[in-house]
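Peer 1: Start from the sequences, fold in the hints, and give me the full structure.
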Amino acid sequence: MRTRRVFLRAFGLVYLTAFLSLRWQVAGLLGEDGLLPAAAFLERAHSVLGDGATWQLPSVFWLDASTTTLQVACVLGAASALLVVLGVAPLATLALCWFLYLSLVSVGQQLLSYQWDALLLETGFLAILWAPIAWRLDAPDARGPSPIVLWLLRWLLFRLMFFSGFVKLASGDPTWWSLDALAVHFETQPLPTWTAWWAHQLPWWLLRAACGAMFAIELVLPFLIVLGRRARAVAFAGLVGLQVAIAATGNYGFFNLLSAVLCLPLLDDAQLARLLPARVVGASRRAPRERAWKLALDGIAALLLLALSLPPALARVAGTRLAAPAPLVSLQRACAPFRLTSTYGLFAVMTTRRPELTIEGSVDGITWRPYAFRWKPGPLDRRPAFVGPGMPRLDWQMWFDALYVERMLESGRGGADLIAPALIERLRAGSPPVLGLLDGDPFEGEPPTSFRWRLDDYRFTDRTQRAASGDWWRRSLLHEQAAP
1 MRTRRVFLRA FGLVYLTAFL SLRWQVAGLL GEDGLLPAAA FLERAHSVLG DGATWQLPSV
61 FWLDASTTTL QVACVLGAAS ALLVVLGVAP LATLALCWFL YLSLVSVGQQ LLSYQWDALL
121 LETGFLAILW APIAWRLDAP DARGPSPIVL WLLRWLLFRL MFFSGFVKLA SGDPTWWSLD
181 ALAVHFETQP LPTWTAWWAH QLPWWLLRAA CGAMFAIELV LPFLIVLGRR ARAVAFAGLV
241 GLQVAIAATG NYGFFNLLSA VLCLPLLDDA QLARLLPARV VGASRRAPRE RAWKLALDGI
301 AALLLLALSL PPALARVAGT RLAAPAPLVS LQRACAPFRL TSTYGLFAVM TTRRPELTIE
361 GSVDGITWRP YAFRWKPGPL DRRPAFVGPG MPRLDWQMWF DALYVERMLE SGRGGADLIA
421 PALIERLRAG SPPVLGLLDG DPFEGEPPTS FRWRLDDYRF TDRTQRAASG DWWRRSLLHE
481 QAAP
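Here the working numbering is used: the first residue of the sequence shown is 1, the next is one more, and so on.
Please keep in mind that the hints were generated in silico from the structure rather than gathered at the bench.
Treat the hints loosely; a few may be bogus.
Computed spacing ranges between beta-carbons, pair by pair [claimed, not checked]: (1) Ser178 - Thr320: 25 to 35 Å; (2) Pro379 - Arg428: 22 to 32 Å; (3) Ala287 - Pro379: 51 to 61 Å; (4) Gly50 - Gln481: 39 to 49 Å; (5) Ala134 - Leu304: 23 to 33 Å; (6) Ser469 - Leu304: 35 to 45 Å; (7) Ser178 - Val317: 16 to 26 Å; (8) Gln481 - Thr320: 41 to 51 Å; (9) Glu444 - His46: 52 to 62 Å.
Idealized CB from N, CA, C, for every residue including glycine.
Peer 2: Structural data, given as structure tokens:
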């Protein structure tokens, strides 16, 4: 009971963070004057998919995808998440949170297609199954937590952590195999922090040792999940410690918080009571066992989720495509729009360079002013900042854009799904919601007549260079051209 209470309240906090983070961005991202308007996206989807579009893209925004509705959905989601934290009607409020976030992901296109969005939805579905059928999370008549759902949560945690390490080795990337990845990771990660600058200065041998420790945590500790309560406590300490270390040197939104919360089901009530204050874990009491019909429902859900998640996991380990029976393939296709399960594994191939894309405008074609972003690297002397658990999605997407542009220049081929063209179009129109995503407007409300973009190679300065110049970054121009 204690573990479930703490997990669901903590998970409500993750939902609250996710919805509040989207609330201030959604107009600029998906609104009518945003980068990728949700209404236009749904219109295109319906023209291509016909009546099947509502199944392929389950979303409340089929009713109305205006900026106001998007913002109201974020506020309603945050309010529902707050009720989860307070333990009010947990089943209903968790279901509402899940559906609203699914609605946003369904229209979010590449801006809401990150692994933590998938993880939030998969965890959210399991949280609905684990929530008691009661008006209060700690109600006297609330029945005990389902052991079936408990093990589904642990299976999700296993896949998340194990495959995070597995994909790095399976990719064959020599940077990972040589344990040299952390020598470049801190400066090439999407949104570095000032602590990442200091971590980048650490001795080579220490960074190698840290990389080896990371592999031990991701590849070994997940197997302790099935070895008893003490082994699970060891896994909990190691896995949460890894998330704390990652969050201390990088900005990954609510991903680290969500991953740490997902570790809570590794602990039983007694262990949790020793770890957290009594007012947090609540009183201990014996609860009646879950009803037979609910356990049967959980069993059916477990069969469904294992059918969706186990074959892809086995295929990744085998390194090949496993031929699935036709009924299973049909089931996977039918359930895919609801994001009930997903595959995980970040940074399979380590980026060893940091290309940065800068957009500049001019009113006379002679003097050019750059548009600065709030958190991604830009001005050389600006200290890399902590974002907190929020997720600045445009800043993140620009990291991908820079990588895509670099590859396009090297290969001479296009085809990448870039956000920069839409950004330049909105800047040319002077869109206030999009300008609100940036660190100010260098043209003070009067859009420039010309645009260009430049691609630079960014590197952290070393101690000597920073002492001399005060700069956190140094850069060299890779490419520059006018924007259409």
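Peer 1: Indicate, hint by hint, whether the structure satisfies it.
Peer 2: Status of the hints after comparison with the structure:
In this structure, Ser178 and Thr320 meet the distance hint of 25 to 35 Å, their C-beta atoms being roughly 26 Å apart. For Pro379 paired with Arg428, a C-beta distance near 23 Å keeps the hint of 22 to 32 Å intact. At roughly 56 Å, the beta carbons of Ala287 and Pro379 sit within the given window of 51 to 61 Å. Restraint check, Gly50 to Gln481: a C-beta distance of roughly 40 Å satisfies the suggested window 39 to 49 Å.
Evaluation of the 23 to 33 Å hint for Ala134 and Leu304 yields a pass: the beta carbon distance comes to about 25 Å. For the hinted restraint 35 to 45 Å between Ser469 and Leu304, the CB-CB distance of approximately 58 Å leaves it violated. At about 23 Å, the CB distance of Ser178 to Val317 agrees with the hint of 16 to 26 Å. Checked against the hint of 41 to 51 Å, the pair Gln481 and Thr320 passes, with Cβ atoms roughly 42 Å apart.
Distance hint for Glu444 and His46: a CB-CB separation of about 40 Å, inconsistent with the stated range 52 to 62 Å.
In terms of the numbered hints stated before, the structure departs from hints 6 and 9, listed from lowest to highest.
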